[in-house]
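So the protein lines, in turn, are chains A and B. The numbering of the first sequence is our numbering, which starts it at 1 and goes up by one. The numbering of the second sequence is our numbering, which starts it at 1 and goes up by one.
Heads up, some of the hints might be wrong.
Said to hold, decoys possible - Derived coverage of chain A by chain B (criterion: at least 3 residues anywhere in the stretch with Cβ under 8 Å from a Cβ of chain B; other residues may be distant):
#, region
1, 14-21
2, 88-102
3, 105-115
4, 118-125
5, 140-146
6, 163-174
Claimed, not checked - What follows is a set of in silico ranges between Cβ atoms, one per label pair, in the way DEER data are often shown:
#, chain 1, residue 1, chain 2, residue 2, range
7, A, 38, B, 194, 36 to 44 Å
8, B, 114, A, 104, 14 to 22 Å
9, B, 37, A, 110, 30 to 38 Å
10, B, 33, A, 91, 40 to 48 Å
What the hints assert, rightly or not - Partial list, computed: chain A residues near chain B (C-beta under 10 Å):
#, residue
11, 11
12, 65
13, 157
14, 158
15, 159
16, 178
17, 179
18, 180
19, 181
In case anyone wonders, no lab produced these hints; they're calculated from the structure. The structure presented is a predicted model; accordingly, all values stated were derived computationally and were not measured. For glycine and all other residues, C-beta sits at the position ideal for the given N, C-alpha and C.
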Amino acid sequence: MAVVLVDAGGTNIGSVRYALQRLGVDAELTADAEAIRAADKVILPGVGAAGPGMARLRELGLVDVVRGLAQPVLGVCLGMQLLCAHSEEGDTACLGLIDAPVRRFQESATLRVPQMGWNRLAQARPHPLLSGLGEDDWAYFVHSYAVPVGPWTLATADYGGPFSAVAAQGNFHGMQFHPERSAAVGAKLLGNFLRL
Amino acid sequence: MLSRRIIPCLDVREGKVVKGVRFRDHVVMGEIVDLALRYRDEGADELVFYDITASPEGRSVDRAWMERVARAIDIPFCVAGGIRSVEEARAVLHAGADKVSVNSPALERPGLIDELAAAFGVQCVVVGIDSLRDADGEWRVRQYTGDPGKTQALARRTLDWIDEAQRRGAGEIVLNCMGSDGVRRGYDLEQLSVARAVCHVPLVASGGAGAPEHFRDAFVQADVDGALAASVFHAGAIAIPALKRYLRGQGVTVRL
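Kindly generate the complete structure, drawing on both the sequences and the hints.
Here it is in structure tokens:
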């Protein structure tokens, strides 16, 4: 099985690659359109801001490439947000593959932004990506912007209210947390993606 | 709901994990990757590696071990020590670290915080603060604490620096209360509570953990997001699984 990591410059690419290696998959790191189109699975990692993230995809000529993919695609953290329609971060038009907005957490005295730490996942509807997810399973989040709950939501977490921790629309999937840094739970969910 | 974090801190000196008492007299505690894996298996939520020799000697951290750690563990880790530029931070993040923590170099040149936040986002930028109460009752910042011979007391008030660091783009503050560090009599709840009131980003307590109640008090009384400790974990005085079960029993949200 060929798994590619889209090399759009995020600093977590190495960590995602190591996580896949721990699952026995040697993912190619690439920005090559043909390699991405030919892969069985495509992962779009990402750390940073939405505007520069989209700008990098445009510079690399990958916007239409990603939009045209029919195989399972997984966006991680910023990668998930880039799959959505629009982000409040820098008022950025994103890829529009998941019909969801991306909104900033509303900071308050008790809600610190960014959310940084482990939060509990709650399954919203059954999906093979969530196979084996337990009642007390936690994932590691680091983010200031989030996808609200909607028809795309597979699992939620609660931070001043529920938001989409895992989302999907068609063959496009997103995890707001970092599965590569979410211990056994993260490995389980990444493994589920590889089996889609 | 977000969990409170338990964060073992591994002070790294010449490639080994060390720990001193009140920042002095360092003794070797073990190999980096072995300890990192042990803590991951025990349920640590995150790891912090401080290269405590880096800033005083004016050199940056050796990065080979970071990549070994990143390959081995699947929990987040932060690297601190002598990171003085965006390029050095980039190398650390590309080696697999999730966050970089800056302390003395940010005091030398506060604009470093702005540059790191602009380059990587605030979520990657931790500002570590070593703080000690002076005779006049004010908490003030210390610099170059990795080497007692080079440690300097600054005129900068700790609370002012917390405020400035956030405005410049710190995504998290680690407050090391030097007066309680290494002596295991509990976190400095007074200082942490005052810091909490001015800190709107995640705040991590450091210095003084000796018993499970100390962690509870830091979370419940000082409302910190994470609690960092070293010697009690390295010496096996507190086992993380038992600590987390205790905290959950006390009503503290933790990941088990």
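Hint check:
Using a Cβ-Cβ cut-off of 8 Å, 5 residues of the region 14-21 of chain A lie near chain B, which meets the minimum of three, so the contact claim holds. Counting residues of the region 88-102 of chain A whose CB lies closer than 8 Å to any CB of chain B gives 0, so the stated coverage by that chain is violated, three being the minimum. Here's how the region 105-115 of chain A fares: 5 of its residues keep a CB closer than 8 Å to some CB of chain B, so the rule of at least three is met and the hint holds. Coverage of the region 118-125 of chain A by chain B holds [criterion: at least 3 residues with CB-CB distance below 8 Å; count 3].
Only residues whose C-beta sits within less than 8 Å of a C-beta in chain B count toward coverage, and the region 140-146 of chain A has 5 of them, enough to reach three; the restraint holds. Remark: the region 163-174 of chain A is not confirmed as covered by chain B, as 0 of its residues place a Cβ nearer than 8 Å to a Cβ of that chain, below the required three. Checked against the given bound of 36 to 44 Å, the beta carbons of residue 38 of chain A and residue 194 of chain B, roughly 58 Å apart, lie outside it. The hinted range of 14 to 22 Å is satisfied by residue 114 of chain B and residue 104 of chain A, whose Cβ atoms lie roughly 20 Å apart.
Checked against the hint of 30 to 38 Å, the C-beta distance between residue 37 of chain B and residue 110 of chain A comes to roughly 35 Å, which is consistent with it. Taking 40 to 48 Å as the suggested C-beta distance range, the pair residue 33 of chain B and residue 91 of chain A conforms, at roughly 44 Å. Annotation: residue 11 of chain A was flagged as interfacial toward chain B, and the flag holds, the nearest CB pair being 4 Å apart, inside 10 Å. Taking 10 Å as the C-beta cut-off, the interface hint given for residue 65 of chain A is violated, the closest approach to chain B being about 24 Å.
With 10 Å as the threshold, the beta carbon of residue 157 of chain A comes within range of chain B, its nearest partner Cβ sitting at about 8 Å, so the hint holds. For the restraint placing residue 158 of chain A at the interface with chain B, the shortest Cβ-Cβ distance is roughly 5 Å, inside the 10 Å limit, so the hint holds. Because the smallest distance between the Cβ of residue 159 of chain A and any Cβ of chain B comes to about 6 Å, under 10 Å, the interface hint for this residue holds. Residue-level restraint check for residue 178 of chain A holds (minimum Cβ-Cβ distance to chain B is 7 Å; threshold 10 Å).
Satisfaction of the interface hint for residue 179 of chain A is found here, the shortest Cβ-Cβ separation to chain B being roughly 9 Å, below the 10 Å cut-off. About 7 Å separates the beta-carbon of residue 180 of chain A from the nearest beta-carbon of chain B, less than 10 Å, and the hint is met. With its C-beta approaching chain B no nearer than about 5 Å, residue 181 of chain A sits inside the 10 Å limit, and its interface hint holds.
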